[in-house]
Amino acid sequence: MSAITITRAPTRKRRTLAAWTSDQLDLIVTPALAIALMVMLVTVWTYSTFDPTTERILEPDQLARQMWQQLLLAFFSTVAVVVIAVPVGIIVTRGGAPRLKNSMVSILGLGQAIPAYGLIVLFFVWLGQGALTVIFALATFALLPVLRNTIVGLEQVDTSVIEAGRGMGMTGLQSLTKIELPLAVPVIIAGIRTATVINVGMASLAFLIGGGGLGETINAGLKLNRPTAIFIGAVLVALLALVFDFIGGLAQRYLRPHGV
Amino acid sequence: MTEPLIELINVTKTYPGVDEPAVRSLNLKVEPGEILVLVGPSGCGKSTTLRLINRMIEPTSGKIIYEGEDVTKGDPNELRRRMGYVIQQVGLFPHRTIAENIATVPKLLKWPKAKVRERVDELLELVSMDPSLYRDRYPNELSGGQAQRVGVARALGADPDVLLMDEPFGAIDPITRDRLQNEFLRLQGELKKTIVFVTHDIDEAVKMGDRIAILRDQSEIAQLDRPETILTEPADDFVENFLGSGAILKTLTLRRVRDIDLDPMVTLKQPVHRGDALAAMSEANTTTAVLLDDHDHPLRWIDERALNSTRGSLEVSGRPIAVQLQPEDTLQDALSSMLQSSAGMSVVVDGRGRYLGCCTIESLAGLLLPQSNGIASP
Numbered sequence: 000m001s002a003i004t005i006t007r008a009p010t011r012k013r014r015t016l017a018a019w020t021s022d023q024l025d026l027i028v029t030p031a032l033a034i035a036l037m038v039m040l041v042t043v044w045t046y047s048t049f050d051p052t053t054e055r056i057l058e059p060d061q062l063a064r065q066m067w068q069q070l071l072l073a074f075f076s077t078v079a080v081v082v083i084a085v086p087v088g089i090i091v092t093r094g095g096a097p098r099l100k101n102s103m104v105s106i107l108g109l110g111q112a113i114p115a116y117g118l119i120v121l122f123f124v125w126l127g128q129g130a131l132t133v134i135f136a137l138a139t140f141a142l143l144p145v146l147r148n149t150i151v152g153l154e155q156v157d158t159s160v161i162e163a164g165r166g167m168g169m170t171g172l173q174s175l176t177k178i179e180l181p182l183a184v185p186v187i188i189a190g191i192r193t194a195t196v197i198n199v200g201m202a203s204l205a206f207l208i209g210g211g212g213l214g215e216t217i218n219a220g221l222k223l224n225r226p227t228a229i230f231i232g233a234v235l236v237a238l239l240a241l242v243f244d245f246i247g248g249l250a251q252r253y254l255r256p257h258g259v
Numbered sequence: 000m001t002e003p004l005i006e007l008i009n010v011t012k013t014y015p016g017v018d019e020p021a022v023r024s025l026n027l028k029v030e031p032g033e034i035l036v037l038v039g040p041s042g043c044g045k046s047t048t049l050r051l052i053n054r055m056i057e058p059t060s061g062k063i064i065y066e067g068e069d070v071t072k073g074d075p076n077e078l079r080r081r082m083g084y085v086i087q088q089v090g091l092f093p094h095r096t097i098a099e100n101i102a103t104v105p106k107l108l109k110w111p112k113a114k115v116r117e118r119v120d121e122l123l124e125l126v127s128m129d130p131s132l133y134r135d136r137y138p139n140e141l142s143g144g145q146a147q148r149v150g151v152a153r154a155l156g157a158d159p160d161v162l163l164m165d166e167p168f169g170a171i172d173p174i175t176r177d178r179l180q181n182e183f184l185r186l187q188g189e190l191k192k193t194i195v196f197v198t199h200d201i202d203e204a205v206k207m208g209d210r211i212a213i214l215r216d217q218s219e220i221a222q223l224d225r226p227e228t229i230l231t232e233p234a235d236d237f238v239e240n241f242l243g244s245g246a247i248l249k250t251l252t253l254r255r256v257r258d259i260d261l262d263p264m265v266t267l268k269q270p271v272h273r274g275d276a277l278a279a280m281s282e283a284n285t286t287t288a289v290l291l292d293d294h295d296h297p298l299r300w301i302d303e304r305a306l307n308s309t310r311g312s313l314e315v316s317g318r319p320i321a322v323q324l325q326p327e328d329t330l331q332d333a334l335s336s337m338l339q340s341s342a343g344m345s346v347v348v349d350g351r352g353r354y355l356g357c358c359t360i361e362s363l364a365g366l367l368l369p370q371s372n373g374i375a376s377p
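Residue numbers (numbering that gives the first Met the number 0), protein chains in the order written: chain A, 0 to 259; chain B, 0 to 377.
Each hint should be verified, as a subset may be incorrect.
If you anchor each label on the Cβ, the simulated ranges turn out as follows [stated by the list, open to error]:
id, chain 1, residue 1, chain 2, residue 2, range
1, A, 246, B, 109, 33 to 39 Å
2, B, 114, A, 158, 49 to 55 Å
3, B, 116, A, 154, 45 to 51 Å
4, A, 246, B, 191, 43 to 49 Å
5, A, 246, B, 112, 49 to 55 Å
Calculated cross-link-like contacts (lysine-lysine; reagent style DSSO-like; alpha-carbon spacing at most 30 Å) [claimed, not checked]:
id, chain 1, residue 1, chain 2, residue 2
6, B, 192, B, 62
7, B, 206, B, 112
8, B, 28, A, 177
9, B, 191, B, 109
10, B, 28, B, 62
11, B, 206, B, 192
12, B, 72, B, 192
13, A, 177, B, 206
14, B, 72, B, 106
15, B, 72, B, 191
16, B, 28, B, 206
17, B, 191, B, 62
18, B, 192, B, 114
19, A, 222, A, 100
20, B, 72, A, 177
21, A, 177, B, 112
22, B, 192, A, 177
23, B, 109, A, 177
So, partial list: chain B residues that the calculated Cβ filter (under 8 Å) puts toward chain A [stated by the list, open to error]:
id, residue
24, 53
25, 86
26, 88
27, 90
28, 94
29, 104
30, 110
31, 307
Hints listed in this document are in silico derivations from the structure and should not be mistaken for laboratory results. Cβ atoms here follow ideal geometry from the backbone N, Cα and C, with glycine treated the same way.
With the rest of the complex left out, here is chain B:
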């Protein structure tokens, strides 16, 4: 394990006039380049924990280490300029243009003007907003989704190593949120920032997190692990309850089609004779086959019954293959395409559309329930 970039050691926060601490002797390490999601029910102290890191809230006791340096004392403003900070309400400065908003931290750090201008355009490009179109606009001209893009760009202003994000997509409609999440993950793939991400939404946590910390009251860590592990092996009842009943389904969004063994179905290559097709199927003891064209692109499902009951040519029997999967698709996509497919299975193709194999309900179940022998066994 590498040296953690951020480390909280025995951090406690007690608000004056309150007996119980909001955060009780928390120990937390954030590894460089990871997205660590803090998730928990409301009031568990996850936001407080995040704000302790950049000292928007001063800890009552304990230590905060950042890049190997104790930052518990010293100028909090200096510290904050080294960390990006994104909040749910975005908080763009309404009286400043988009460019001025994004330039906030570079200006605080007294970057030369030309460099600031260059950086602003670069960041707008990065969050997929046309600089010439948006640079000189004011925040009241933006939609909620656009505002949060600018919020993220502003947080990245001076290229900090760390981003602290407090429910950044919480106030955005579900469709836009999904798009922003995907875009953000793509961005993170390039930037490799260290991100601490607070959310109350377990689905968002599973989607965004490299590791997830499930917090209960007073920011106590109930479980801290990779999403797959948390979903399949919840540490206790609290975690299990928090995950909700759909935990096993959620694991489907984490795995890809390439993770499962594909079934080598019987393939028939055009042109093929009816007799040869029937022989091949009966030899493999199956009733279904995939018809491929001469470039290995899957065309139709051929099944024995359809073949026997029609006199038409082989090329028009059976049903066309409407949906194809690629190895990068999630198992959730796979499941939904299988449920749509008439054959109860889906064809997997490579990037150029060439047949790789088939994905069946059985192979999916085998992956989800490793102990059982699969639902197809007699």
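Here chain A stands alone, though its shape is the one from the complex:
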């Protein structure tokens, strides 16, 4: 009698290089760009001869201070965005208020309709100069992506999942915190990531009202016609934005709930 052998295909999926690359694209492109920029930065810094004015603009201690300011401005304005937009997004999706939702999106969307430059000036007129004013202006400007993603993230949760939860006796709050928010996290984080990158870039305008940041270097380069200074200031802003984007990408990947 001959035994029948069943050969089983290996269960572990063989993944193609292309599929792997497309999965990791997010986490490859940003560092690659950052490295390219870094190489350019170092090259320019090493091989250009700085005249005394450029040297004064590109004083390393000063650059470090400006970067730190830029970073703080971006960070706190993003925190402000999250603190405002996520709760608003939750409230307007709690049912019974579809009109409220649309009007909130329009009103908070106005922030993005006004140019950031104008927004900073408007807030300056209202609150006077300083970093806090910049933070408010940036937060207003970047509200929309987080608000919209919070709403979309909560609304894309499968209604049958919510129905099952409520049908088993979860309260509205339990359904929100245990089902809806965890399932909306990836989309909300994507919105926060966008807002962060916007804020890092827009913080370059803080110098306008004495908020510091790398805008000072770029502005000085423009005023004194020093292209090297403009270039280095701009590259540093771009590097900061890429770093924040990379952190956002990591957050999107690792804060995603299991099983989704």
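With chain A fixed as given, assemble chain B onto it according to the hints.
Positioned in the frame of chain A, the structure of chain B alone reads:
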């Protein structure tokens, strides 16, 4: 009749902005331990009715009584934790493991951890899923049938007395659905829960229901009775139309071989002589007999013509008996085996394979058409 476990009294549901109510003054009693199936065409309000019971939809007027207590007011979440709820889309939480899904209600009720873990494993066993294999998996790793097993396990989480099931097997392929239905009936045999089951499929209703409520528009009860009664005595044209043309055939799935009188055919016990066989058959005025071995296991159909036309031994004449019925088989099984059988009848054996009698088309027809004298009469 015992005290009903769930009672709807004059329940009406009108959605705002709609003139006609979705459910109009419905009165319904659900007895403890029964499967009550709500069945009707789409849009008749059967799902709404089910959701009124656990107040996923709040009634506009009327009363809901559960375990003798008016639950129309009060905290709906408390009420829902006392009733299992299964929906067609299952709605497993995708970000939670199978175990966490099943533990939902016990956790809401703040059971101690060890007890929850024990209960989860018990429930997975109950729905025939190996706990060690499935406990820590996520719902996206399950097939549709497995997902609904987990759905049922989750609904049974805190051992509620009542299960509300809204087309639970509706989105599952026919073969798996059939298996899940059978398994669920076996489960219900052990658990004896009170189940309200919504479906639009009359076959499923007949199979699952202890009682069936056929609903028409606005959840009006067209007929509420045992499946046999509904199939044989539809209350009106609506019910008859809804049952469709195959109603009498559907009753075949409800009755068992043990319900009909078996024909005592002529039996021949081995070893037997040709002459004795022919004599026995002509004495009983029949042309067919069943050959048994010395343990009463049926072996072959012996018929007179085959016996006369061959010279071979008795043991190889006639045709072998391929299909045997048992008393627990449904009459549908019986009919199909009779149609396959060369003799136009089937042998019925007991659990140990011993001959009990024969089941013929005539006896089946006699059962289905009690008024007539059977199709065999001259």
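Against the structure, the hints:
The beta-carbon spacing between residue 246(A) and residue 109(B), approximately 38 Å, falls within the hinted interval of 33 to 39 Å. For residue 114(B) and residue 158(A), the hinted distance range of 49 to 55 Å is not satisfied, since their beta carbons lie about 32 Å from each other. Checked against the given bound of 45 to 51 Å, the beta carbons of residue 116(B) and residue 154(A), roughly 35 Å apart, lie outside it. Separation of residue 246(A) from residue 191(B) is about 57 Å and departs from the stated range, judged on CB atoms against 43 to 49 Å.
The supplied range of 49 to 55 Å is broken by residue 246(A) and residue 112(B), whose beta-carbon atoms lie about 36 Å from each other. Restraint check: the Cα-Cα separation between residue 192(B) and residue 62(B) comes to about 23 Å, which is no more than 30 Å; the hinted pair holds. Under the criterion of a C-alpha separation no larger than 30 Å, the hint pairing residue 206(B) with residue 112(B) is inconsistent with the structure, at around 38 Å. Between residue 28(B) and residue 177(A) the alpha-carbon distance is near 35 Å, which puts this suggested pair outside the 30 Å criterion.
Distance check on the hinted pair: residue 191(B) and residue 109(B) sit about 25 Å apart at the alpha-carbon level, within 30 Å; holds. A hinted pair counts as satisfied when its Cα atoms are at most 30 Å apart, and residue 28(B) with residue 62(B) qualifies at roughly 12 Å. In summary, the hint linking residue 206(B) to residue 192(B) is supported, as the alpha carbons are separated by about 17 Å, within the 30 Å threshold. With a C-alpha separation of about 24 Å, the suggested pair residue 72(B) and residue 192(B) falls inside the 30 Å cut-off, and the hint holds.
For the proposed pair residue 177(A) and residue 206(B), the alpha carbon gap of about 38 Å is over 30 Å, so the pair is violated. For a cut-off of 30 Å, the pair hint linking residue 72(B) to residue 106(B) stands: about 24 Å separates their Cα positions. This hinted pair checks out: residue 72(B) and residue 191(B) have alpha carbons roughly 28 Å apart, not beyond 30 Å. For a cut-off of 30 Å, the pair hint linking residue 28(B) to residue 206(B) stands: about 20 Å separates their Cα positions.
Taking the CA atoms of residue 191(B) and residue 62(B), the gap is near 26 Å; set against the 30 Å cutoff, the hint holds. Note on residue 192(B) and residue 114(B): the hinted pairing holds, with a Cα-Cα distance of about 21 Å set against a maximum of 30 Å. The suggested pairing of residue 222(A) with residue 100(A) is violated, with an alpha-carbon distance near 45 Å, which exceeds 30 Å. Between residue 72(B) and residue 177(A) the alpha-carbon distance is near 26 Å, which keeps this suggested pair within the 30 Å criterion.
Distance hint between residue 177(A) and residue 112(B) is fulfilled; the C-alpha atoms sit about 18 Å from each other, no more than 30 Å. Simply put, residue 192(B) and residue 177(A) have alpha-carbon atoms about 29 Å apart, close enough for the 30 Å limit, and the pair holds. Taking the CA atoms of residue 109(B) and residue 177(A), the gap is near 15 Å; set against the 30 Å cutoff, the hint holds. For residue 53(B), the interface hint holds, since its Cβ comes within 8 Å of a Cβ in chain A; the closest pair sits about 6 Å apart.
The beta carbon of residue 86(B) is positioned within 8 Å of a beta carbon in chain A (closest approach about 6 Å), and the interface hint is therefore held. At its closest, the beta carbon of residue 88(B) sits 4 Å from a beta carbon of chain A; the interface hint therefore holds under the 8 Å criterion. About 3 Å separates the beta-carbon of residue 90(B) from the nearest beta-carbon of chain A, less than 8 Å, and the hint is met. With its C-beta approaching chain A no nearer than about 4 Å, residue 94(B) sits inside the 8 Å limit, and its interface hint holds.
At its closest, the beta carbon of residue 104(B) sits 5 Å from a beta carbon of chain A; the interface hint therefore holds under the 8 Å criterion. Interface hint status for residue 110(B): violated, as the beta-carbon distance to the closest one in chain A is roughly 14 Å, over 8 Å. With 8 Å as the threshold, the beta carbon of residue 307(B) stays out of range of chain A, its nearest partner Cβ sitting at about 43 Å, so the hint is violated.
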